[in-house]
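As given, the protein sequences belong to chains A and B, one line each in that order.
Under the working numbering, the first residue of the first sequence carries the number 1, and numbering increases by one thereafter.
Under the working numbering, the first residue of the second sequence carries the number 131, and numbering increases by one thereafter.
Worth flagging that the hints you see were computed from the coordinates, not collected in a lab.
Here the structure is a predicted model, which is why all the values come from computation and not from measurement.
Treat the hints with care, since some could be wrong.
Claimed, not checked - Which chain A residues face chain B? A few, computed with CB under 10 Å, are given here:
1. 35
2. 38
3. 44
4. 62
5. 116
Quick reminder that beta carbons are idealized off the backbone N, C-alpha and C, glycines included.
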Amino acid sequence: MANVPAELKYTREHEWAKVEGDRARVGITAFAQEQLGDVVFVELPKVGAKVTALKTFGVVESVKAVSDLFAPVSGEVVEVNAELPRRPEVVNSDPYGAGWMLVIRMSDPKEAAALMSAADYEKLTAGAGH
Amino acid sequence: MTDDHSATPLKRTPLREVHVKAGAKMVPFGGWDMPVQYTGIIDEHRTVRSAVGLFDISHMGELEVRGPDALAAVQRLCTNDASGLHDGQVQYAALCYPEGGIVDDLTVYRLAADHYMLVVNASNIDKDWAWVTSHSEGRAEWSNVSEQTALLAVQGPRAEGLVGRLADRDVTGIDYYHFVRGTVAGVAGIISRTGYTGEDGFELYVPAARAEALWTALIEAGRADGIKPIGLGARDTLRLEMKYALYGNDIDETSNPLEAGLGWVVKPAKGDFLGRGAIEAMRRTGVPRKLVGFEMAERAVPRHGYRLLADGHPVGVVTSGSFGPSVERSIGMGYVAAPHAAVGTALTVEIRGAQHAARVVKTPFHPSHTKKA
Numbered sequence: 001m002a003n004v005p006a007e008l009k010y011t012r013e014h015e016w017a018k019v020e021g022d023r024a025r026v027g028i029t030a031f032a033q034e035q036l037g038d039v040v041f042v043e044l045p046k047v048g049a050k051v052t053a054l055k056t057f058g059v060v061e062s063v064k065a066v067s068d069l070f071a072p073v074s075g076e077v078v079e080v081n082a083e084l085p086r087r088p089e090v091v092n093s094d095p096y097g098a099g100w101m102l103v104i105r106m107s108d109p110k111e112a113a114a115l116m117s118a119a120d121y122e123k124l125t126a127g128a129g130h
Numbered sequence: 131m132t133d134d135h136s137a138t139p140l141k142r143t144p145l146r147e148v149h150v151k152a153g154a155k156m157v158p159f160g161g162w163d164m165p166v167q168y169t170g171i172i173d174e175h176r177t178v179r180s181a182v183g184l185f186d187i188s189h190m191g192e193l194e195v196r197g198p199d200a201l202a203a204v205q206r207l208c209t210n211d212a213s214g215l216h217d218g219q220v221q222y223a224a225l226c227y228p229e230g231g232i233v234d235d236l237t238v239y240r241l242a243a244d245h246y247m248l249v250v251n252a253s254n255i256d257k258d259w260a261w262v263t264s265h266s267e268g269r270a271e272w273s274n275v276s277e278q279t280a281l282l283a284v285q286g287p288r289a290e291g292l293v294g295r296l297a298d299r300d301v302t303g304i305d306y307y308h309f310v311r312g313t314v315a316g317v318a319g320i321i322s323r324t325g326y327t328g329e330d331g332f333e334l335y336v337p338a339a340r341a342e343a344l345w346t347a348l349i350e351a352g353r354a355d356g357i358k359p360i361g362l363g364a365r366d367t368l369r370l371e372m373k374y375a376l377y378g379n380d381i382d383e384t385s386n387p388l389e390a391g392l393g394w395v396v397k398p399a400k401g402d403f404l405g406r407g408a409i410e411a412m413r414r415t416g417v418p419r420k421l422v423g424f425e426m427a428e429r430a431v432p433r434h435g436y437r438l439l440a441d442g443h444p445v446g447v448v449t450s451g452s453f454g455p456s457v458e459r460s461i462g463m464g465y466v467a468a469p470h471a472a473v474g475t476a477l478t479v480e481i482r483g484a485q486h487a488a489r490v491v492k493t494p495f496h497p498s499h500t501k502k503a
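Produce the entire structure from the sequences given, and follow the hints as far as they go.
Laid out in structure tokens, this is it:
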């Protein structure tokens, strides 16, 4: 069973969001990186870009697959993980830590409240993928 | 992440349960339920380059032909010249349609002067069987022994030591593209110095019923060598770094061997064979497009079907691409119009609507370490 931290919020598309005041830090879950396999490239928007909840904001590529990344919340990108172009493999080794992708300044904090809880996300992934 | 919803049940190799128990991620491949990875593609790839890896490639097909006209049948079907082979020798070749397109690529084993084995791609077994049996003449009897034959590949710099310790004979004297009959861990079969990785190693053809015994013995005896089971994911990145063609990706019924860079296995001087006229016509008029290797300026991954452009104009298509774990950059193969095929040519790959810089490079991408004669 993949690791699902209780304090995070989740999307059905396997992104996590960590709410920090009016900001949300975003990445993909341990389950997602396991399914993808070795991550070799992450394509992210630039700081200042606008993202929309449940719309794609980028792409993660593993050796075998290309997968869209979906924004958990709407808002403006205020930080991008500058380590990922050099070391995309941290998405595999530390998906909830060094593998974070974006920080979004939320335009509508209610969106974050509507995301899945850890318990619900765990139910979603239980039995899937194997 | 795609699921296979096709109604046909997937075929299984004799080792399928062993892979599941070992924690492999199983995927559909050419109609087979196959391990794509165990620990991870990059880790497995590097294990083969630096130590030794064990592959189950029992999905490959084995077609045998026997009889006084067996050689004549092989000569008529294959582009290469098998007449100079001696017992215990292997040859790479293609089967072609009269129009020059490729039915399959394969290896030809001379078991005896009147007995050959053709090793073909898993997804093409039925098609190849129909092709060879309908285009064979004279006293040549065909048999499809694919189901009763398991095939294990032991590849990497420590393969020779490992197989040598378990074999009933010296294997150091087996040259590249040669084989002997012998036993490994008490399992009798063919010990062939061939592979699809660019490393030294062996492919072991054994009865399906003995596959698990051989697999287990190799894993146990190879523990000190750092052996790991290797899935199809790493098999693909290993062959890509060598620019070995994969049927269905880089070559198919629409590609001519000359375009694919396989002119070296086309031997028109041997006499007539299927496809000869069309291939020779292309040789005379010029090859319109060529299969090249290219590397990306950055890490975005080129994939099968992406467009290749030069100066903003479409000039070709990507046939294979990946991050290359040994070359540590994104690499690919693709067909480009002949004027753009020279090493050093600047191209772009269209990835999700954006142009990403690439350059035609010398291949193989990674130096080959197969045994030299």
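The hints, checked one at a time:
1. 35: Because about 6 Å separates residue 35(A) from the closest Cβ in chain B, which is inside the 10 Å limit, the hint holds.
2. 38: holds (5 Å)
3. 44: Nearest chain B Cβ about 12 Å off; hint violated.
4. 62: Holds: closest Cβ of chain B sits about 8 Å from residue 62(A), inside 10 Å.
5. 116: violated (18 Å)
The structure does not agree with the numbered hints 3 and 5 stated previously, though it agrees with the rest.
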